[in-house]
Amino acid sequence: MLRQPATGDSWPWQRSFQARIVLAYAAMFFVVLFALTTAVGRIFYRVQLAQAEHELEVKAFLLANTLEDPLSGFVDEFDAFAHYWQADGYAEPDQSDHSLVSLTQKDSVANRPNAPRLRWFVNHYSDEKDARVTVLDEWGNILVDNQFDAASEPNQYRQVEIQAALQSREQPNVRIDPATGLRTLYVAAPIQQGAHTLGVVQLSLPMSDVTATARWW
Numbered sequence: 001m002l003r004q005p006a007t008g009d010s011w012p013w014q015r016s017f018q019a020r021i022v023l024a025y026a027a028m029f030f031v032v033l034f035a036l037t038t039a040v041g042r043i044f045y046r047v048q049l050a051q052a053e054h055e056l057e058v059k060a061f062l063l064a065n066t067l068e069d070p071l072s073g074f075v076d077e078f079d080a081f082a083h084y085w086q087a088d089g090y091a092e093p094d095q096s097d098h099s100l101v102s103l104t105q106k107d108s109v110a111n112r113p114n115a116p117r118l119r120w121f122v123n124h125y126s127d128e129k130d131a132r133v134t135v136l137d138e139w140g141n142i143l144v145d146n147q148f149d150a151a152s153e154p155n156q157y158r159q160v161e162i163q164a165a166l167q168s169r170e171q172p173n174v175r176i177d178p179a180t181g182l183r184t185l186y187v188a189a190p191i192q193q194g195a196h197t198l199g200v201v202q203l204s205l206p207m208s209d210v211t212a213t214a215r216w217w
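Per the numbering used here, the very first residue in the sequence shown carries number 1; after that it's consecutive.
Hint data in this document are derived by calculation from the structure and do not stem from the laboratory. All of these numbers come straight from a predicted model, not from anything done at the bench. Watch out, some of these pointers could steer you wrong.
Okay, the calculated beta carbon distance ranges per label pair [claimed, not checked]:
| id | residue 1 | residue 2 | range |
| --- | --- | --- | --- |
| 1 | L36 | L71 | 49 to 59 Å |
| 2 | I21 | I176 | 44 to 54 Å |
| 3 | R183 | V58 | 20 to 30 Å |
| 4 | A19 | D209 | 40 to 50 Å |
| 5 | F17 | H54 | 53 to 63 Å |
| 6 | L33 | H196 | 55 to 65 Å |
| 7 | P154 | A35 | 38 to 48 Å |
| 8 | G181 | F29 | 36 to 46 Å |
| 9 | V58 | A19 | 31 to 41 Å |
All residues carry an ideal CB built from backbone N, CA and C; glycine is no exception.
Please take these sequences and the hints and turn them into a complete structure.
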C-alpha cells in the first residue's frame, strides 16, 4: 500500500508544482515591470528632449533679438564679414546645389574680421550657460563660436535648423557634432532687421546633457 503523507505534508511533485507557479508569477511580474519601466523611460526621454528643445529655442530667440539691436554695434561686424566674403569673391550658395559651401582654409583665415563685440557676446553667454553658442552669417559661415575656432569650422548652410531659421521657422535637429563626435541637439533663430536677415544664432547641447536626469532608465 502507498503511504499517505502525514498531515501538513505534501507529495514532492506538489511542492515542485507550487515552486513552478511561484517562479512563473515572479517571472511574469519582472517582465511586466521591465516593460512598464521601459515605457515610462521612453516617455520621460521624450519629455526631456521636448523641454530642452523649447528652452534652447527660447534662448536662441532672445539672443537673436539682442544681436538685432541697431544701436548695439553688432550690425557693423556683420557688415564687416559680408565685405570680407565679397572681397574673396564669395557668392551666396545656390539653393539647387546640395553640396556644402565652404571657403578654403587660407581664405577663411587671412584678414578675417576680429569681431570683438560678437566674440564678447558669445563668451559672456558661455560664462553662464552650458550650451554651445555659434553666430553665423546668412550664408551659413560661422563668424564666432564660444567653444571652437570659428575659422576652422565647416559651413552650416545646409543644416536643417539653419535652413529653418533662414525661413523664419523652428526646426530642432539631432545629429553628430563633427567637432566632438557626440550626438548633439541643435536649434537656431534668425537675426533680422526688417526684411533683411543678418545671420543666425545657433545653440547646441550634447544629448548626454539633455538626458542626464533620465540616464538611469
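How the hints compare with the structure:
1. L36 with L71: 49 to 59 Å: 56 Å, holds
2. I21 with I176: 44 to 54 Å: Roughly 50 Å apart at Cβ, these two residues keep to the hinted range, so it holds.
3. R183 with V58: 20 to 30 Å: Since R183 and V58 have Cβ atoms about 22 Å apart, the given range 20 to 30 Å holds.
4. A19 with D209: 40 to 50 Å: 47 Å, holds
5. F17 with H54: 53 to 63 Å: With a Cβ separation near 56 Å, F17 and H54 satisfy 53 to 63 Å, so the hint holds.
6. L33 with H196: 55 to 65 Å: Holds - the Cβ-Cβ distance for L33 and H196, about 58 Å, lies within 55 to 65 Å.
7. P154 with A35: 38 to 48 Å: 43 Å, holds
8. G181 with F29: 36 to 46 Å: Since the Cβ atoms of G181 and F29 sit about 41 Å apart, the hinted range of 36 to 46 Å holds.
9. V58 with A19: 31 to 41 Å: Violated, since V58 and A19 (Cβ atoms, about 58 Å apart) do not stay within the stated range.
Against the hints set out earlier in the document, a violation occurs for number 9 only.
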